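Engineer: Since chain A is already given, all that's left is putting chain B on it; use the hints.
Number of protein chains: 2
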Amino acid sequence: MQNKLNSIVKPLLMGPGPSCVSDSVYQALAKPTLGHLDPEFIALMDDIKSYIRKLIQTENQLTVPISGTGSAGMETCFVNLVEPEDRVLVLINGVFGVRMEDVATRLGAEVDSLKFEWGTPVILDSVREQLAQKKYDLVAVVHAETSTGVCNPVAEIGKLVKNNGALYLVDCVTSMGGIEVEMDEWQIDALYSGTQKCLSCPPGLSPVSFSDRAVGKLTNRKTKVPNWYLDLSMITQYWSGNARVYHHTAPINMLYGLYQACYSILEEGLENVIQRHKDMHELLVSELKTLGLELFVEESARLPMLNAIKIPSGVDDANVRGKLINDYRIEIGGGLGPLAGKIWRIGLMGETAKKESIQKLMDAFRKILN
Amino acid sequence: MQNKLNSIVKPLLMGPGPSCVSDSVYQALAKPTLGHLDPEFIALMDDIKSYIRKLIQTENQLTVPISGTGSAGMETCFVNLVEPEDRVLVLINGVFGVRMEDVATRLGAEVDSLKFEWGTPVILDSVREQLAQKKYDLVAVVHAETSTGVCNPVAEIGKLVKNNGALYLVDCVTSMGGIEVEMDEWQIDALYSGTQKCLSCPPGLSPVSFSDRAVGKLTNRKTKVPNWYLDLSMITQYWSGNARVYHHTAPINMLYGLYQACYSILEEGLENVIQRHKDMHELLVSELKTLGLELFVEESARLPMLNAIKIPSGVDDANVRGKLINDYRIEIGGGLGPLAGKIWRIGLMGETAKKESIQKLMDAFRKILN
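Chains as they are written, first to last, in numbering that gives the first Met the number 0: chain A, 0 to 369; chain B, 0 to 369.
Next up, chain A with everything else stripped away, as it sits in the complex (with noise of 0.2 Å):
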């Protein structure tokens, strides 16, 4: 019986997520295993929803990793906030839109759409006039759209669902800790994200925020939560009080390398991160223009942390991304849906949104391009 985790060649991920993790993030990890009651531990999650309330910016008292990856934070606030024939409004411009439509749809919402043309943000008059024509109990948008590269403008759309009185939900789990997400101030009222973007913590967990009115929406509910692991009004019945009431065992060493992933940010200091995101963003682009290499999305919508690059015509994507991780052990990603082929997804974020990754990115592109 072959070991293969003895084989295991650390790449250097450029892709759309997992990216680069660091030492200190790995050591904590590796940690000795705690109870999940016991005091030592209750002091970690403590510090854990602080940690996650500075990268976000809000002072909600409902803010909790949820024991899963994104997606389980996507679930979580739809399966919370959503009651059947709550009428539900999703903004679409990519791959994870879609999802959150999906998701709102099994849980016998009524589900509108917005879609949006891929590779472009979502378009502030049409959500306008939209909000205009109907009251909706919850208004979804991704931020940043991992499948495009395309920046959502999540504050503005706040204020047009402010004046409409829905609920107003943000996907943010490739923008959180990459670049600014500013909950409290922008009117955001549930908010979930993920480990394995810009925080640079394997993937693994989901931390999730709720408004007073959002936990508002919860504690009226008129019919119990359909999901028992997700249910947040027993969830938080564990993360908070005195009484720290057992739901489900937390996922104790994953939870270790958040609270290292969140500590080392706030150590750099959150602009400073953003900052070196934004600086790494511009560095790749440059470089990318001397190989001849364009951007997919125009230049005032692009995310720093997700770059999304035209496939020059006549190169074969699968075969430069085979040999990028082949032969240079650098993951980069391909496009999704009715993008494959037609887009590769160079991730900066975290860890990976240094100097190095790019350098070494280029020299590989450089080799394989010519």
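What the hints contain is simulated information worked out from the structure, not anything from laboratory work.
Since the model is a prediction, treat every value here as computed from it, not as a measurement.
Hints may contain errors.
When chains are identical, the list treats them as one kind, so a pair holds in a single copy or across two.
As the list claims (entries may be wrong) - Straight-line C-alpha distance at most 25 Å; calculated SDA-like pairs for lysine to any residue: (1) K3 with Q26; (2) K221 with E100; (3) K309 with D37; (4) K216 with G107; (5) K3 with S21; (6) K221 with R86; (7) K223 with T104; (8) K161 with T104; (9) K223 with E82.
Structural biologist: What follows is chain B alone, placed relative to chain A:
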């Protein structure tokens, strides 16, 4: 800002889980993160599926670890197999049976339950009688009731369920890797487990397996699975086949831990591991006897890995457990629900099931209880 990870002192985990973790599993958790579509990682996934099959003695194709803790595995089985108005029977003799009832009810099923005294096993005659009266779509039971230390007669119940025609769902969270689990032989249709019990991996994943009959039910559903994150019809497209369709980013490093945990058990030999659990249970019972401590469950129904001990009258539950964790760094569990203050739960799971653990606990008990 103080980094609390630096002050973690390794405890001896002798509660109901998490259990002690071996150095090889800690090292596995800290291996370099691979991309979730990296061929090296796909090879690991294939091994993990085959290891799980060996530990639960099944040939089931649909055998995957769910990206959440044991409770997520429970939710997965119910949400994929139960449709609104399905007739479900839950056999309840502890906390984890009660949970199953709650989950099935939230899914809109018509749920009956047979309740047995906590601390005693499910009575076959009652089950036979109930199944003779009504046809069910699904019958669910917990194999190893972690809240009481009782082993239910899962093989015998399987025969009765088969005659009824219902699907047979079994919670093997605490039994897998500690006592025999013969999924195919016992005619179990769906099973879930957890990593933090006898597998001795930190919490965070839930092995799940479906028989062909269960897969048939999933395939022929009238409605979409009302849970996107746990929809096995999508998850299996990532975990098998050639396309490896992205669903959610797998919890890579946790899966390394599960890989190593299963590998270690198979290396020691499943039979040897099961015998070790039995031997250590007997040693513990005889040692407890010297202190006048008695077991809560009658001998024929006792689990080796979860030993429920009657708290002697006049002894302060919280005080003893507090001293154990604070003065000796030993964690044991208290009773849940009606058993709070009445029993201690001493786990001998996986890495914890060793002579040294028992010796340390007995030394501490001798000092505290005298």
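Engineer: Hints first: check each against the structure and report whether it holds.
Structural biologist: Now for the hints, and whether the structure bears them out:
1. K3 with Q26: both (21 Å within a copy, 13 Å between copies)
2. K221 with E100: both (22 Å within a copy, 20 Å between copies)
3. K309 with D37: between (51 Å within a copy, 22 Å between copies)
4. K216 with G107: both (17 Å within a copy, 22 Å between copies)
5. K3 with S21: Both, since 22 Å and 18 Å are each at most 25 Å.
6. K221 with R86: both (15 Å within a copy, 24 Å between copies)
7. K223 with T104: both (18 Å within a copy, 10 Å between copies)
8. K161 with T104: within (23 Å within a copy, 35 Å between copies)
9. K223 with E82: Answer is both: 9 Å inside a copy and 17 Å across each meet the 25 Å cutoff.
In this structure, every one of the numbered hints holds.
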